[in-house]
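A.B. asks: Chains A, B and C, in that order, are what the protein sequence lines are. The first sequence begins at 1 in this note's numbering and counts up by one. The second sequence begins at 1 in this note's numbering and counts up by one. The third sequence begins at 1 in this note's numbering and counts up by one.
Honestly, the hints are just simulated from the structure, not real lab data. All residues carry an ideal CB built from backbone N, CA and C; glycine is no exception. Worth double-checking, as some hints may not be accurate.
As the list claims (entries may be wrong) - With a straight-line cut-off of 27 Å between C-alpha atoms, the simulated DSSO-like cross-links for lysine-lysine are: (1) K188/C to K332/C; (2) K232/A to K338/B; (3) K183/C to K316/C; (4) K188/C to K155/C; (5) K247/A to K338/B; (6) K291/C to K244/C.
To be verified - Just a sample of chain C residues kept apart from chain B, beta carbon distances all over 12 Å, derived: (7) L57; (8) N61; (9) L62; (10) E89; (11) K183; (12) Y195; (13) G210; (14) A241; (15) A261; (16) L273; (17) G283; (18) S321.
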Amino acid sequence: MAQANSKEPKNSQKRLFLGVLLIPFLALLTALIVGAVVMLAFGDDPILAYQGLFQGAFGSGRAWSVTIRKMIPFILTGLSVAVAFKAGLFNIGASGQFVMGSVCSVAIGIHFEGLPMIIHLPLSILSGMLGGMIWGAIPGLLKVTTGAHEVIVTIMMNYLASLFAGWTVYAGGTQGQTPGPLWDRTARAISETPDVFESAQIPWLFGPPYRVHYGVFLALIFVVLVWWLIYKTTIGFEIRTVGQNPKAARYAGIRVEKTVVLTMGLAGALAGLAGTIETLGLNHKFAPEFGGQVGFDGITVALLGQTHPFGVVIASFLFGALDAGAAKMQFESGVAADIIQVIQALVLAFVAAPLIIKALFRLRSSGDEEHATKLNTSWGGS
Amino acid sequence: MNFWSRTARISVCLTLIMMVMAILVEITPLGENPWMRVFFGVSALNLTLRAAIPLVLGALSGILCERSGIINIGIEGMMLAGAFAGFVAKSSTNDWPLYASLLYSVLVALGVGGLMGLLHGLFSIRFRMDQIISGTVIIILAAGLSSYLYDRDAISAGKFTPIPIPLLSEIPVIGPVLFDNAPITYLALILVFVVHFAIFHTRWGLRTRAVGEHPRAADTEGINVNRQRYVNTMMGGMLAGLAGGFLVLEAVGQFQEGMTAGRGFISLAAMIFGNWTPFGALGAATLFGYTQALQNEFLLAGVTTIPRQFVSMLPYIVTIVAVSGLVGRVRPPAAIGKPYDTEGSK
Amino acid sequence: MPKPRISWLSVLWLSSVMLLLAFTTLSAAPIKVGLVTDVGRVNDRSFNQSAWEGVELAKSNLGLGDRDIKYIETQDAKDYADNLAQFIEAEYQVIVTVGFALGDATVKAAKENPDTLFIGVDQYQGEALPNLAGLIFHEDQSGFLAGVLAAGMTKSGTIAAVLGTDLIPPVVAFNEGYIAGAKSVNPKINVISTYHPGEISQAFVDPEWGAATAKQAMDQGADVIFGAGGLTGNGALQEVASQKGVYCIGVDADQWFTVPAAHPCLISSAMKLITPAVADLIGQAQSGTFKGGNVFGAAGLAPFHDFDSAIPQPLKDMLISVKAGLDSGIIKTGYGN
Numbered sequence: 001m002a003q004a005n006s007k008e009p010k011n012s013q014k015r016l017f018l019g020v021l022l023i024p025f026l027a028l029l030t031a032l033i034v035g036a037v038v039m040l041a042f043g044d045d046p047i048l049a050y051q052g053l054f055q056g057a058f059g060s061g062r063a064w065s066v067t068i069r070k071m072i073p074f075i076l077t078g079l080s081v082a083v084a085f086k087a088g089l090f091n092i093g094a095s096g097q098f099v100m101g102s103v104c105s106v107a108i109g110i111h112f113e114g115l116p117m118i119i120h121l122p123l124s125i126l127s128g129m130l131g132g133m134i135w136g137a138i139p140g141l142l143k144v145t146t147g148a149h150e151v152i153v154t155i156m157m158n159y160l161a162s163l164f165a166g167w168t169v170y171a172g173g174t175q176g177q178t179p180g181p182l183w184d185r186t187a188r189a190i191s192e193t194p195d196v197f198e199s200a201q202i203p204w205l206f207g208p209p210y211r212v213h214y215g216v217f218l219a220l221i222f223v224v225l226v227w228w229l230i231y232k233t234t235i236g237f238e239i240r241t242v243g244q245n246p247k248a249a250r251y252a253g254i255r256v257e258k259t260v261v262l263t264m265g266l267a268g269a270l271a272g273l274a275g276t277i278e279t280l281g282l283n284h285k286f287a288p289e290f291g292g293q294v295g296f297d298g299i300t301v302a303l304l305g306q307t308h309p310f311g312v313v314i315a316s317f318l319f320g321a322l323d324a325g326a327a328k329m330q331f332e333s334g335v336a337a338d339i340i341q342v343i344q345a346l347v348l349a350f351v352a353a354p355l356i357i358k359a360l361f362r363l364r365s366s367g368d369e370e371h372a373t374k375l376n377t378s379w380g381g382s
Numbered sequence: 001m002n003f004w005s006r007t008a009r010i011s012v013c014l015t016l017i018m019m020v021m022a023i024l025v026e027i028t029p030l031g032e033n034p035w036m037r038v039f040f041g042v043s044a045l046n047l048t049l050r051a052a053i054p055l056v057l058g059a060l061s062g063i064l065c066e067r068s069g070i071i072n073i074g075i076e077g078m079m080l081a082g083a084f085a086g087f088v089a090k091s092s093t094n095d096w097p098l099y100a101s102l103l104y105s106v107l108v109a110l111g112v113g114g115l116m117g118l119l120h121g122l123f124s125i126r127f128r129m130d131q132i133i134s135g136t137v138i139i140i141l142a143a144g145l146s147s148y149l150y151d152r153d154a155i156s157a158g159k160f161t162p163i164p165i166p167l168l169s170e171i172p173v174i175g176p177v178l179f180d181n182a183p184i185t186y187l188a189l190i191l192v193f194v195v196h197f198a199i200f201h202t203r204w205g206l207r208t209r210a211v212g213e214h215p216r217a218a219d220t221e222g223i224n225v226n227r228q229r230y231v232n233t234m235m236g237g238m239l240a241g242l243a244g245g246f247l248v249l250e251a252v253g254q255f256q257e258g259m260t261a262g263r264g265f266i267s268l269a270a271m272i273f274g275n276w277t278p279f280g281a282l283g284a285a286t287l288f289g290y291t292q293a294l295q296n297e298f299l300l301a302g303v304t305t306i307p308r309q310f311v312s313m314l315p316y317i318v319t320i321v322a323v324s325g326l327v328g329r330v331r332p333p334a335a336i337g338k339p340y341d342t343e344g345s346k
Numbered sequence: 001m002p003k004p005r006i007s008w009l010s011v012l013w014l015s016s017v018m019l020l021l022a023f024t025t026l027s028a029a030p031i032k033v034g035l036v037t038d039v040g041r042v043n044d045r046s047f048n049q050s051a052w053e054g055v056e057l058a059k060s061n062l063g064l065g066d067r068d069i070k071y072i073e074t075q076d077a078k079d080y081a082d083n084l085a086q087f088i089e090a091e092y093q094v095i096v097t098v099g100f101a102l103g104d105a106t107v108k109a110a111k112e113n114p115d116t117l118f119i120g121v122d123q124y125q126g127e128a129l130p131n132l133a134g135l136i137f138h139e140d141q142s143g144f145l146a147g148v149l150a151a152g153m154t155k156s157g158t159i160a161a162v163l164g165t166d167l168i169p170p171v172v173a174f175n176e177g178y179i180a181g182a183k184s185v186n187p188k189i190n191v192i193s194t195y196h197p198g199e200i201s202q203a204f205v206d207p208e209w210g211a212a213t214a215k216q217a218m219d220q221g222a223d224v225i226f227g228a229g230g231l232t233g234n235g236a237l238q239e240v241a242s243q244k245g246v247y248c249i250g251v252d253a254d255q256w257f258t259v260p261a262a263h264p265c266l267i268s269s270a271m272k273l274i275t276p277a278v279a280d281l282i283g284q285a286q287s288g289t290f291k292g293g294n295v296f297g298a299a300g301l302a303p304f305h306d307f308d309s310a311i312p313q314p315l316k317d318m319l320i321s322v323k324a325g326l327d328s329g330i331i332k333t334g335y336g337n
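Generate the whole structure from the sequences, applying the supplied hints.
C.D. replies: Laid out in structure tokens, this is it:
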């Protein structure tokens, strides 16, 4: 980058900064507008709906607590996906890693009664992160050894995780099958674990009815840790280089294979941590209905946050609010929560293709299509 | 092409073995053994075919897109959209004669699938969105819209019923499995041949493959690269929509939110495992279908005390093994995933 | 002067009338009824729907307004408590929670809010709380009758059941009753019953699996199939309807009305009458005669509709006598002991 004129870089930096902030904001706004149009087209009242949405997210102390609570898994799964993106990898496996994190943390949490919290809680958390990490590293390993594309492998691993987790809490079959190892015998026919011991529960910051726990701080700490790792360390540099240009990275002496596996492991650990915090902080036990959409939510949040940890926090806040407001929205206006998914897809589309927004709003193309995240776009194996 | 012949040869051999075993199990005392019935019984074969059809269609969809250079992981969303659209069409024409209503619904499913394909093309080509993200958007959009718009009071009054082919369906054991099926099943199998022929023996197919392997060279030959990609993606979308239509109009008769349940992703695996060829995809889809069938057979027969969750893992594990190329290397089209720039260099 | 006295009187008269009116409206104040579904929707053609229809029936019985009844569809099992809280905060007097899985959350909410009345559909109450009625049914008896019917109608000697998950006791009850009933008619009968392999959140919303499993059972010789598992079961019913020569039996409600596509094969349904039971309980809440603890609702077979002439009279008679035997306790299904 020639620095002949000291004013030049400042201007383009300013435009870059504006672009980074403006695009996501416009994307969300446009998505909300399109969502309103869809609602109108099908006979729903968007004003009432958005009012309900807003109230549900910000309208009362309890609403705020739900927003903050919903934010936590978004932050961590968003980080997980973002970290993978930095290395040019697409981690759709966040929900499987989330579930494994949850199961592994509970496995420790429901045993070792009498262990002091100072040991029990961190141990459970580490266990959860380890579970997620392994679950993320496996697709990474397969990719570097056999070329299997991580998209398919991680999706399959999601199903495997959900099945495995279901087995651990299986209540036993009528055909004589034995119950799973973590199943709560006193829960009769419900497949779930016993409650985690108090010494392994994340304490409340504000107790019921607010139910905000210290996990929120843990998540924010990891945001800073990840930011530091990605932007301030050698490993982070290697990850980013591999993401931008794997051939150049290899030429520069970076061990691409090691970096890929490491990144996927890290991504898995973060998603596993998300599951762990949700479990140890909120539910205090594991039940199979866990997981679900967290994978795609993480992708949306990561992209909306421009794959930057701080951006992820802001995006998580927005999506946490959307999620929190959904129930109230249905309550007030009868609009089903699925419209939120539609809005989510639209946001994703607009953020991932700034050209759409630029076309819509007649913005000048700054030539910075680097924002449009480019991934390793091949199935590998060749 | 050598590799393709190998996969095809393996598939054909396995299929013949299956058929022979099925006949033996039906006719001889071999069928007394519950394990034999589980693996080779007629119900297993029927289940295999039933499970394979949406996978085959999805894989064909993927082949059409990817052979021209566009990665399409959004097949799952296109399938769901087609399923939903087919259902809406069917349930709003319940008062028509059944066949008219069903045919109309199939056309609607095809149309909506094509639209989703067009959208994917638009995102990937015109707006240069990363193709994997574009596919993801399609998936989330289809899921959200279909759930939001789904009127649960709507019911569809019927589905396609099996049409036995005279003579052929009377072949003992195998006859009813292969030749007593409903229309979309037959169509899907025919399409395998059609797509194979189109891709490898027509000028259109040549253009498609050129655009997918060497778009720059194709361009200099006068082929409109982007238009070819648009057309292929739309057709791919239509096939995925047909797969969705199969689920609603033939397999189940109802729509259910999220009913595609990962089939779009397994189709991708079938496409890769089959090395981007229609017959390879058929073989892979049959294999995956067989694992799903076995799952159900184990369940029904109650022959094992292995926890059912592990039995259910079978199809997914097989999929992972398949795409890990542990059964041989796979080679995707060379120019796949990269947007084509008509001005300037690649 | 006459004027002031008349105004005095009229004021007095008017205000007493108004007071009277106020009192009557207060005591007949429409109660507000909320419903929280299990993971799933209100019109799932089955469970959640039946409960909601009970609320709607109560609304017309008791003259409640449109804004007095409301439902929240649970997206995620983690949200049970939050969804309940929405109604509690809005001061709904009666809250109906649908399904076994909501049991714990409902008990908790009932303990924390003694002034609100709760109806827990399919929630067995281990300890009776005065403000929580657990609405349960004798599904095994309903299933027993279905089994008798199936055994009486089968020509191949093989019948089948396509079921939701065996993690939910009512489903197991239906199945065990079905098998027991069939065996009571023909001890050598072959019953193929298959439970859905997935979790509770999937097991009742998988019509594709239901259809495939029904086909599988038919391939193995079954000619009467009992579809018992929400939408999963409905898929089975529709699959059976598309084949000739096979009968099907529905579950929960009279599925003749909820699954018209099943008309070609549907001879009856093993019912548990959720709708009238819920309406009754809400009525009791309104009139102040609500009692907590376990409440048994009615269970039985649905009418045969178009198949009435296809069912042989001796079989019909047997069904009537079996029902009587079950009701009186002479016949036992063997479930739950």
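A.B. asks: Hints first: check each against the structure and report whether it holds.
C.D. replies: Hint check:
1. K188/C to K332/C: holds, 19 Å
2. K232/A to K338/B: At roughly 31 Å apart (the allowed maximum being 27 Å), K338/B and K232/A break the hint.
3. K183/C to K316/C: With Cα atoms ~17 Å apart, K183/C and K316/C stay inside 27 Å; holds.
4. K188/C to K155/C: Roughly 13 Å between the alpha carbons, so the hint for K188/C and K155/C holds.
5. K247/A to K338/B: holds, 17 Å
6. K291/C to K244/C: Violated, at about 49 Å.
7. L57: Its Cβ never comes within 12 Å of chain B, the nearest being 17 Å, so this holds.
8. N61: holds, 22 Å
9. L62: holds, 24 Å
10. E89: At roughly 26 Å from the nearest Cβ of chain B, E89/C sits farther out than 12 Å, so the non-interface label holds.
11. K183: holds, 17 Å
12. Y195: Violated: least Cβ distance 8 Å, not greater than 12 Å.
13. G210: The claim breaks: G210/C does not keep its Cβ more than 12 Å from every Cβ of chain B (closest is about 8 Å).
14. A241: The claim is violated: A241/C sits with its nearest Cβ about 8 Å from chain B, within 12 Å.
15. A261: About 6 Å separates A261/C from the closest Cβ of chain B, which leaves it inside 12 Å; violated.
16. L273: holds, 21 Å
17. G283: Fine: 26 Å to the nearest Cβ keeps G283/C off the interface.
18. S321: Its Cβ never comes within 12 Å of chain B, the nearest being 33 Å, so this holds.
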